[in-house]
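The primary structure of each chain is shown beneath.
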Amino acid sequence: MPTLQIREALREAMDEEMARDDRVFVMGEEVGYYEGAYKCTQGLLAKYGEQRVVDTPIAEAGFAGVGVGAAMAGLRPIIEFMTFNFSAVAFDQILNNAAKMRHLTGGQFTVPMVFRGPNAAAHMLSSTHSQAFESFYCGFPGVKVVSVATPYDAKGLLKSAVRDENPVIFFESEVMYGVKGEVPEGEYLIPIGEADIKRPGDQVTVITWGQGVPTALEAAKMAEENGIDAEVIDLRTLRPLDKDAILNSVRKTNRVVVSYHGWPYGGTGAEVADLIARECFYDLDAPVERVCYEDINFSYAENLEQLAIPSPKQIYEAIAKVAYHSL
Amino acid sequence: MPTLQIREALREAMDEEMARDDRVFVMGEEVGYYEGAYKCTQGLLAKYGEQRVVDTPIAEAGFAGVGVGAAMAGLRPIIEFMTFNFSAVAFDQILNNAAKMRHLTGGQFTVPMVFRGPNAAAHMLSSTHSQAFESFYCGFPGVKVVSVATPYDAKGLLKSAVRDENPVIFFESEVMYGVKGEVPEGEYLIPIGEADIKRPGDQVTVITWGQGVPTALEAAKMAEENGIDAEVIDLRTLRPLDKDAILNSVRKTNRVVVSYHGWPYGGTGAEVADLIARECFYDLDAPVERVCYEDINFSYAENLEQLAIPSPKQIYEAIAKVAYHSL
Amino acid sequence: MTPTTSPTQAPDKDEVVRVFKEMLRIRRFEELASRAYTQGKISGFLHLYIGQEAIAVATADLMKDGDRVVTTYRDHGFAVALGCEPQRCMAELFGKKDGLVGGVGGSMHFFDRDKGMWGGYAIVGGHLPVAAGHAFASKYTGDGAVTLCFLGEGAMHIGATHEGMHLAGLWKLPIVFVVENNQYAMGTPLKRQTLVDDLTVRAPAYRMTSDRWEVTDVFETRRRLSEAVERARTDNQPALIELLTYRFRGHSMSDPAKYRTKDEVEVQRKKDPLYRTEQSLREDHGFGDDAIEAIDDAIVEEMQAAVDFAEASPQPDPEHRFRNHLVEDD
Amino acid sequence: MTPTTSPTQAPDKDEVVRVFKEMLRIRRFEELASRAYTQGKISGFLHLYIGQEAIAVATADLMKDGDRVVTTYRDHGFAVALGCEPQRCMAELFGKKDGLVGGVGGSMHFFDRDKGMWGGYAIVGGHLPVAAGHAFASKYTGDGAVTLCFLGEGAMHIGATHEGMHLAGLWKLPIVFVVENNQYAMGTPLKRQTLVDDLTVRAPAYRMTSDRWEVTDVFETRRRLSEAVERARTDNQPALIELLTYRFRGHSMSDPAKYRTKDEVEVQRKKDPLYRTEQSLREDHGFGDDAIEAIDDAIVEEMQAAVDFAEASPQPDPEHRFRNHLVEDD
Ligand SMILES: Cc1ncc(C[n+]2csc(CCOP(=O)(O)OP(=O)(O)O)c2C)c(N)n1
Ligand SMILES: Cc1ncc(C[n+]2csc(CCOP(=O)(O)OP(=O)(O)O)c2C)c(N)n1
Ligand SMILES: [Mg+2]
Ligand SMILES: [Mg+2]
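Line by line, the protein sequences are chains F, S, Y and X.
Here the first sequence is numbered in our numbering, starting from 40 and rising by one per residue.
Here the second sequence is numbered in our numbering, starting from 40 and rising by one per residue.
Here the third sequence is numbered in our numbering, starting from 516 and rising by one per residue.
Here the fourth sequence is numbered in our numbering, starting from 516 and rising by one per residue.
So that you can see chain F by itself, here it is in the shape it has in the complex:
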């Protein structure tokens, strides 16, 4: 199987979808002539021209809203945020227009579109550029939220997102665009709403997504070396949650760590933890542990940043803790 970087997998997904359906277009800052701040859209302008690969001025609320309006009129926009940090200025368009339009219009309009771009902290970009947005975007109805961690998932899920009839928020990561992995030749789709077992195991369940996936896998390896067999579940879709996948694993292992790159208060982390604590009340052998960002604004300084991000060791310690295993 060919090996691709995540950025290449995303590019293939957009390319294939644009070739398949000429209503699909890409819009955002520097997506055209510059070929993407992180090169996800490389080659697309040359292939599809200015009409379908649209560079915008710096006006996130404007072009997010243009995406909504174009989708209502029958197109299928892919709106790239250079990073989701900049989507904060477009929050109203996503919350009030994208997510509500179908309901508000009594079903007269659909908003089939994708908002995609990198999410969560990258490396030493200080606090305004180091934020995980799932706690905001999962918090309201009317959207689906996806987060990808491998080239295979990136391609298959982005293609599904483009074909989805609803607005889909699609999280990637600056620091993972170069991550390589096998991607089959030819077309395939991964359904939105299905979690994936990235590593099977039967003693502890580690639930994670996005940047958390590689860290959790490392932690699982440490656990294995210490005699604990951890299952790592990559949620992949954060809204709606794949409850069956989560609960089935927990009912098997009876012990859970939720580990992710995002702030602790609320969000997907608390939602998953609460779901498990409630639905598996009699199955749990230990309280659900959460390992995530510290509850602080990010610093530029490398040491301070690193300390705020969950490390494999911290996750391993949480695994050991729920397994009542000495370190």
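Do not take every clue at face value.
Stated by the list, open to error - Below 20 Å or equal to it, Euclidean Cα-Cα: the simulated DMTMM-like pairs (lysine to aspartate or glutamate) are:
#1 F:Lys260 <-> F:Glu233
#2 Y:Lys654 <-> F:Asp60
#3 Y:Lys706 <-> S:Glu89
Don't read these hints as lab results, they were simulated from the structure.
Position chains S, Y and X with the ligands relative to chain F; hints supplied.
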């Protein structure tokens, strides 16, 4: 003791703080000549003049940011959002400027200011005007978040918020501005960060805030009639959480319902539930129940709206459920 | 009713009667809605368009198949003018199942896709980027449609308006932005919103053409608007139009509008296009009280029927609240 | 170093030497930062100001006690010009404890309150309302200070910029907005950001005065800027200034700047104010290679010392990450 409406209590708080400290000013849409869309600022323009009671054009990002900049320069702004729904267009200013400024500047600047206004659904305003914002504003560090449900709390907490050296998000409710209650004469402050037992009880803990408070109290009355003694805790401050108050009550009752006017995914509801499930793992006699909005966009139609909002009966049923009590 | 004269021709008598009826239909619709509100049958916010009707009627005359109107929460006038059924509009206000969007939107969210009513939006300025998106789609697909996007003068100062206009100008989209300057944003008069008198001062920054006039005559309004619409349609030339108009009621039903004087309102009443059209029927076309009343009676009857329909319509099915959040919910 | 001539006087030799040194200090600071970045000692984003230094130097000359500069992530030039210690600036880039803000901000967030450096901001346009807020406070307290708010031309099209400028104009705040039009927003040339050539076209909409010139000479820039600053200070008259300038490096260190031709860059090099000031020293004031080199050597030494300081400075104390989120954390 004099009896005031919540709007009057808020007004007294602003009036007293403005009289005490001439750095305090109020800014927002229609706060001056119109005396507030919900009349919270009635009389203030006449008393303090245009310089300190500032009507703005419709530009929430603009005047929220002006508030941040003025606070950095030594003033103490009270920024009124006509409703928090309109703060969505100012999200970036709150997230990236208000909440991060002190940290980002290495402590050179503080941002002592209040963002206040009504939150959550009122009555038949359809989806864009019926949203609970605590799931967004509690999700990041650098702010405090307060939610008030009685005139007494409204006054005492707003005064503390104005005096706080940090940005405080202060939630009120359109449908509760007319709620009356006793407010002592003379000055008093209620510390931010302290929950309040609105009804003592020892069989089930109901944790709530904002619009949820009166509903929870009604439910507690129904419970009492059915032989269950419920304690109702009004969080009052949603960030930081008063963990001691929550956990002490749960350790006493061993049974919890979290009930609030907001969407289910994440947010304060999930955070509190997860906190309890983790910290009181061995104390809980039943899974924590949550009763809140349905996970849907709000409709204008009265019946659809009412069905989406937690009723005393639903809360009572949850109380009975965690108490393993037949209905 | 379709116009019998083109936008540039002088109107004949039938045409004057027709626009009089169209404007009156909106006014009577809203007066009955206002009464129903006072009776507690309509709730939430209700923003009346009374005084501004000529704009919607002129606009409707210019619409071709596929053209779109996008506007604010002050949207009943456009819906009625565009031919949405008054009974379904009224049912929407009543929050009933037969409402234009099934009762979920209420006053602020009238949508009727096939009639070109692409919606009433409730976040000030938030609809401008969306409208630009419709126009983007028109240019993309070459469907030849024009999007007409209406906003209040109060919306000129918010970021989304700037961004939506800027993108439309930069990309040369087939769109006309029409500022209905009714002098107030809630209780704030124009002079406390901006120091500028002429809001079209911003058109050059967006490379839009502009025009600006006081709306006292529906035909003049139609004619001048048609020029901008045609340039948008044929040349992808966006425009910024400022219309000086007036709302006779408060901002919404809960606003007693104490911020203005009786005198001011009286001056404006003389300019009311509906009043002036009635004057023209009387003075230029020989209509007497009886003839005017006959027209009025028929319209009141139509609108009363709409109220009756709305009252009779059932509340939405409770399960309906779970529909349409995602397409899969249908 | 304070100016020896007033903004309106013709500069004498000492003054030319002084501004040459000030501009060169910024350039050498950034060149050494650029090298440190390539060596992996600085990380994150690093946006260089090379080519635009004259603007910061002219600005610094006009600042009185209490005046404030608010700018973007491209902020080193202002910090150095305003007299922030280069070693603390460099330490900030290195993410070290002795950095201007203790290493938490990095390149994009230089703040030094007492020097009038009220910050580098990283969300495009987001700082304009904040800057307007500083000016609001000045008017409120009557402190007589002026706020100078800088932005890139790319920031003109975002909502917050519009709102910040609008409020400043409406409320007549003592603020000067200066657009540093360096022709590109990342890889996007001006003509794909807007169809307008002259960005001050928007000044009348905000009731601001405006001015616009190409920055080739630091003294001309200072003189013309001073007029706006004085009107802001004495009359609360806000202004919108567009400065045509150029950045010789890519947008940030990760941008190879392939979107422009060598020829274009060559043409601009001739206009570089630093280059032209050096020419003036040589041609008008008899400086030879040796004299120029002596100046340069001293500056390089100063900046190398800053690098050495930054390298030697420790990382922030790990516990420091918990400080300053709330005041109570201190
Ligand atoms: C972003 C936002 N802020 C505030 C409001 C509340 N609001 C609704 S209408 C209105 C006044 C709008 O005035 P204008 O644009 O002149 O339109 P008009 O009502 O006069 O037709 C305000 C402040 C809102 N809906 N959205
Ligand atoms: C809201 C927002 N969108 C996008 C970005 C990413 N970004 C940072 S700088 C920049 C270009 C800005 O260009 P300009 O305003 O001309 O300033 P210059 O960099 O040329 O000084 C972009 C797109 C951002 N920081 N904030
Ligand atoms: Mg108006
Ligand atoms: Mg630029």
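Structure-based check of all given hints:
Restraint check for Lys260 of chain F and Glu233 of chain F: not satisfied, since their Cα atoms lie roughly 24 Å apart, outside the 20 Å limit. A threshold of 20 Å between alpha carbons decides the hint, and for Lys654 of chain Y with Asp60 of chain F the separation of about 17 Å falls inside it, so the pair holds. As the CA atoms of Lys706 of chain Y and Glu89 of chain S are separated by approximately 15 Å, the hinted pair is consistent with the 20 Å bound.
Hint 1 from the earlier list is the only one contradicted by this structure; the remaining hints agree with it.
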